[in-house]
Each structure stands twice: as C-alpha cells, then as structure tokens.
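Visitor: Quick note: the sequence shown uses the UniProt record's numbering, first residue 1, plus one each step.
Hints listed in this document are in silico derivations from the structure and should not be mistaken for laboratory results. The structure displayed is predicted, hence computed values, not measured ones. Honestly, I wouldn't trust all of these hints.
Said to hold, decoys possible - Listed next, the in silico DSS-like pairs over lysine-lysine satisfying Cα-Cα at most 30 Å (straight line):
no., residue 1, residue 2
1, Lys-197, Lys-272
2, Lys-342, Lys-290
3, Lys-49, Lys-197
4, Lys-272, Lys-153
5, Lys-291, Lys-225
6, Lys-264, Lys-225
7, Lys-197, Lys-183
8, Lys-197, Lys-291
Claimed, not checked - Restraint-style ranges between C-beta atoms, simulated for each label pair:
no., residue 1, residue 2, range
9, Glu-304, Met-651, 41 to 47 Å
10, Arg-149, Asp-200, 22 to 28 Å
11, Glu-304, Gln-154, 44 to 50 Å
12, Val-344, Glu-279, 32 to 38 Å
13, Glu-479, His-644, 17 to 23 Å
For each residue, glycine too, the CB sits at the ideal point set by N, CA and C.
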Amino acid sequence: MHKDDLFSTQTTRAQTCHLAHTRSFVRLKSLSPSTDVGALAKKVVDECKLISPSHLPQVEQLLYYLQNRKSFPGEGKVKPRELTPFEGMELNEEASITRVDEYVELLYEDIPEKIRGSALILQLARNPDNLEELLNNEAALGALARVLREDWKQSVELATIIIYIFFCFSSFSQFHGVVSHYKIGALCMSVVEHELKKHDIWLEDLHKKSKSAPENGSLRKDQGKALRKYQGLLAKQEQLLRVSLYLLLNLAEDTRTELKMRNKNIVTLLVKVLERDDEELLVLVVSFLKKLSIFLENKNDMAEMDTVERLARLVPCDHEDLLNLTLRLLLNLSFDSGLRAKMVEVGLLPKLSALLGDENNRQVAMRILYHISIDDRYKGMFVYTDCIPQLMQMVFENGEEEIEPELISICINLAANIRNAQLMCEGNGLKMLMKRALKMKDCLLMKMIRNISQHDGLTKPLFIDYVGDLAAEIRADEEEEWVLECLGTLANLTLPDLDWELVLREYNLVPYLKDRLKPGSAEDDLILEVVIMIGTVSIDDACAAMLAKSGIIPALIELLNAKQEDDEFVCQIVYVFYQMVFHQATRDVIIKDTPQATHHTQNSVFKKNSRDRFLSNFFTRFFISQEYDEEWGRKIQSEKFRFHNNQWLEMVESRQADDAEVYFYDNDRTDLFYSTGTHKNLEKLTCITDEHILFLTDLFCRDSNDFFDQTSSSPGRPATAYGFRPDEQPFYQYS
C-alpha cells in the first residue's frame, strides 16, 4: 500500500542563483519498507531544480529517516496521552493529508457531512507527524473552530470530534498557542457547564417518570425505554465531557490559564462530575482536581463543594489508577485540618487502615493517616481499626534496616494516646521495641517509646525492667539526641516503688545531671529534660538528700537566673523546689541556705504564666498550712493579697470608666499596692479586713489538694510542651 508522504527542502539565496528564500514540496507516493532509498533520492534531486546534486547524500539520509519513522499497517497509531477514539467516530475510509482541503469543504455542508469531514481530519490529527502540516492550514483550523462554535449544541458527536482534534494539538505544549488563539478552552468550559445542566434535567425527568408510573405493564415498558435512552445519551455525553476536560487539563499546564479556569468555576464543574460512574472519566477528573488542589484557593473551593464526601465512595475501588489518584488527591487535601475532620467523619479512617496491606497504595495511605494522627481528638479512633497492629508488624519486619519516616512518624503520634500505647505494648510489643531501639540506637523509635512511657496505668509499670538499660545510655560520650530521648523516658517513670537512689548510684548519674545544668552546656531541650529528671527523682527522700549534698540546688538557681524569661524552665525548676520542700533533708537548703529559690517562687506569683503561678500557690500553701516558717508565710500571704486586690481594683476602675458609676474608694490607689509598707497600706483600705485577706488567700489556694496531694508518694508533675496530653485533664484548672 502506498502512503503519501511530505518531503520539504530549503535553499538559500546563493544556492538558487540569488533567488528569494524558497520552500519546495515534493510528494512521495511510494515510500515503503521495500523502497530503494538511493534511487528515490536521485529522482527527487532530478525533479527538484532547487536541490543541488551535491546534496544527494543529505537527501538520501532524510529519506532513510522518513522510511524508518513512518508507521505502517499493523503497527498501530500514536495516541496522544492514551486517549482512545470513541465509539461512532471511526470511519471505514482512510484519510490522506493531501486531501485536507476536500475534508474542509465538507464542514460547510449539513451535520452528517460535517461529522464525516471532521472525523477524517481527526484521523490525521491523531498522528503527531501530521500536526505541523495541519497547523499551517489556517483555513482548516478556522473552519473547525467556527463549526464548533456554531453547532456544538446541535450534535454531541460533532462537538466531540472537533474538540478531539484540538485535544491532539493540546497534547504538545508548543501547540497550546493555536488552541488558545481559537478560544477552544473557553468554549470547552461552556460545553461542560451546559452538559452538566442538561444531565440534571435528564435525571429530573427520569425521576418524575419513575415516580408517576403506576403498576401498568405498558407504562413500565415506556419507562424502561426512557431509561435505555438516558443511558445512551449519558454514554455520548461522557465521551464529550472526557475529551473536553482532557483538553482543559493539558492547557492548565500554564498557571495563568489555570487561573482563568478557576475564575470560571472549574472546581465546581469537576466536583459535580465525581458523581458519575464511568471510571475513565473519573480518572481524568480526579487527576485534574489533584493538580488544582495544590493551590489554596482551589482547595477552599473543594472544601465548600464537599469533595471529600464524593471521594470517599471511591476508596477502595477495583480500578487501580483511580484508587491511587484518589488517595493522592486526599493527601493534598489532608493538609487542611477541617478536611481531615471530614475524612474521619465520612468513615475514611478504617478504609485507609485497610489499605496499609496494599503494597501499591501503602505509602500514600500511610501519609494521609499520619496527617490525621496529628489531631489529638482523632488519635483514640485508631484503636477501633486494625491500623496499630499493622504498623507494629511493619516496624518489626524492618529488621536492621532503617524504619521508613512515614511509618515511625505515625507511630510516634499515635503513641501519645493512652489507649494506643496500651495496644502497642500488648504481648511482647514493648520488649521488642526496646530491644530494637537499644540495639540500633534509633532516636525516633526511642521517641515513640518515650511517648508510651508518659501514660499512667498499665503501661508505665512495664518500664521497670528497662530502667537500667535506659540509665546506662545516659553518658557524655553518647549523641545528645539519643540521650535526650532516653532521659525523657526515664523522667516519665514516676513510679513509687522505683528505687531512684540505687539507679543514680549504680550508673553514677548525679555528676552528669549536675554538669548538664550549666547554661550552655548542651541544647536547651536536653537541659530541660535534666531538670525534669531531677524533679522526678526528687520524689524519693534519699534521692533528694543526695542531690542536695551534691550541690545541684545552687546549680538550679544559676540556671533559673539564666532562663528566667523561659516559662518552661521556670515551671519545671519551681516544681523541683516544690518537691524538695517536702523532705526534711532538703527543706532547710531550699528555704534558708538558698533564699533565691523562695524569692523567685514568691515572684512567680506575679507572672502571667498560669502554670508558674499555680506551682507557686502550692509552695505558698505549704508555708501557710504547715506553718513551717511563719515569717515567710505572712510575707507571701500579704504579697499575694496585694497582687490579687490590685487586679480587682483595676477591673472595678475599668468598669467605672465605662459606666460612669461612683464607687466607695478613691481612684488613685496604685501606690497602696507597690510600696514596701505592707501593713500600713492595708490599713488605709477601710473596707478590707483580715477576714477578707484570709478569704482571698484561701480562695486562691483552695484547689491545691486536687492536683498536688502533699500526702501522695508520687505527686503529679506539670506537663511540658513535649509531654502535654490534650486527651487528659490539664494540671491547672480554675473553678
């Protein structure tokens, strides 16, 4: 079979004896695998006077290239972006590039001839070799654009074929200009919007017929015909939607064009198409939405359109590509906390957990689950899925290989919930985790263990067997990050039966703790964990005495002076002082030998940080209730009253300014609460009595026993920024 081929040559002014720059076209009628390229090249040179005989080798080389480049029957045609031809578009006749003008003439006839002419041009356009030739034929492209603009509502087939032709051009970035020139993108937007509205009308009519049809055989038969007609129309419409959206997706490579689409509500149109059942169409729509979702404005539009609810039905599905694209779109949307809540609400959590066993989609599903696990309110819901057992199995199957970041990250997040932690420790879970972490010195795995250790209840006593192993890792020659996690795990073990004195002596930890208290000796995170560790071991009377003798209290005072603007450090150091005043061996050291500790505790009453004030309240409560030091008790009691009474007066004065009301005290009272003469100033407040002072002080401290029980052997410790657990009651609360 002979194929028409196009061979072009260019010559310069010198080669054509000063002729103008010229292009000549040579039609090759017989270029097949069996053609003698050498003889054909000689014939071309002889017939084309513009080609010098000296260029015969170049002509032969070009013909050889064309001979091997051409596609022949049985090889199949190139399909841009794998968009296959639709049913009803194939013709029995074969199109030829030399007859394009004839096909263009058909576009001026009736609809059937227009369909035939455009289908023949489509055959040519689907071969990328012909696109440049068609691009140069402005009459053909202009006629196609005109027919599409005028007749797309009259024939779905005609609109589909012509848009398909321009889609072939849109598959290559260098041809986007011609598609934009004829405004095909805007026309496709109008087509999609119109077809979606038409589909809504079809559904409404079909619903009316099905609702009003009585129990009559003939009417039910008519209803069946209407349903079959609807299905036929739907199939043709989805073909048109598919090719139109594919063209728009190609044009959206340019972000400026994508912005124009967004302004014309492309997101709304795409989300509506998600209700369809055609998998190939859904693959295209989800791909488009995934591309759009990386921009905040598009993501917000998707949130308003309930996109997550529509995507939920696609997880899981049998179409592998559709499932993977849907998960990747959900991953993009999961960066928004509100959309993560929607995912949990529509039941995606168990579906995503089930996909952890799918090798192809495991990574994407795990990343979505990681984003969900960030929210504390959803961590407890993982207990009701099979997610945690699968995650633990993946951790143990890694052997000596490094654990994937997504896997260990989600485990760290989930371990912060007490129910998840208990599930992780079932069987030999904790034992295997500790064994791997200590062997590999895996900081992230130890961080997961540290999160598990913070929970009271069934999990914390399990760590008694590993106290020695953890203490042995706290050395100056170890990596700070590794020591930080081991030390943090030990600091969480507030167990009354644990002999901390033996641990400190056995592993010689006191010198290390004291050295790390020096400001600048290590990173602040490690120094803070050292302070927390001291607060934990100070529960034990013997340990408190050992620490006092080692000179740790002055080191804490020095650190307190250096970090007095850091509320986290102040809170934890004050807690250490609070623990030590309950032990006879350290009480005198805190109150008399190091009065800076008591002075700072007194000043902490006036800090805005509620945790510091609350700890100071308990410290003060000890002085008042235990009557250990009457002088300090009276001093702190007066300071606290002045502070709270000043707040009261400020509130009343602000009301006076707003309401212009007259109160029983003078306006200028600030000097009464900041001068040194406490008792004289208090006497000036004729309306305040000693009973008021005692009442306010008692009111301020009334909840102390609810949180730091002085009779308890292991009082609670203030939560740190690291270990605070929103799912549990905070350590401070005001009624």
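Visitor: Against this structure, judge whether each hint is valid.
Guide: Going through the hints against the structure:
{"no.": "1", "hint": "Lys-197 - Lys-272", "result": "holds (10 Å)"}
{"no.": "2", "hint": "Lys-342 - Lys-290", "result": "holds (18 Å)"}
{"no.": "3", "hint": "Lys-49 - Lys-197", "result": "violated (61 Å)"}
{"no.": "4", "hint": "Lys-272 - Lys-153", "result": "holds (21 Å)"}
{"no.": "5", "hint": "Lys-291 - Lys-225", "result": "violated (40 Å)"}
{"no.": "6", "hint": "Lys-264 - Lys-225", "result": "violated (37 Å)"}
{"no.": "7", "hint": "Lys-197 - Lys-183", "result": "holds (22 Å)"}
{"no.": "8", "hint": "Lys-197 - Lys-291", "result": "holds (25 Å)"}
{"no.": "9", "hint": "Glu-304 - Met-651: 41 to 47 Å", "result": "holds (43 Å)"}
{"no.": "10", "hint": "Arg-149 - Asp-200: 22 to 28 Å", "result": "holds (24 Å)"}
{"no.": "11", "hint": "Glu-304 - Gln-154: 44 to 50 Å", "result": "violated (35 Å)"}
{"no.": "12", "hint": "Val-344 - Glu-279: 32 to 38 Å", "result": "violated (26 Å)"}
{"no.": "13", "hint": "Glu-479 - His-644: 17 to 23 Å", "result": "violated (47 Å)"}
Hints 3, 5, 6, 11, 12, 13 from the earlier list are contradicted by this structure; the remaining hints agree with it.
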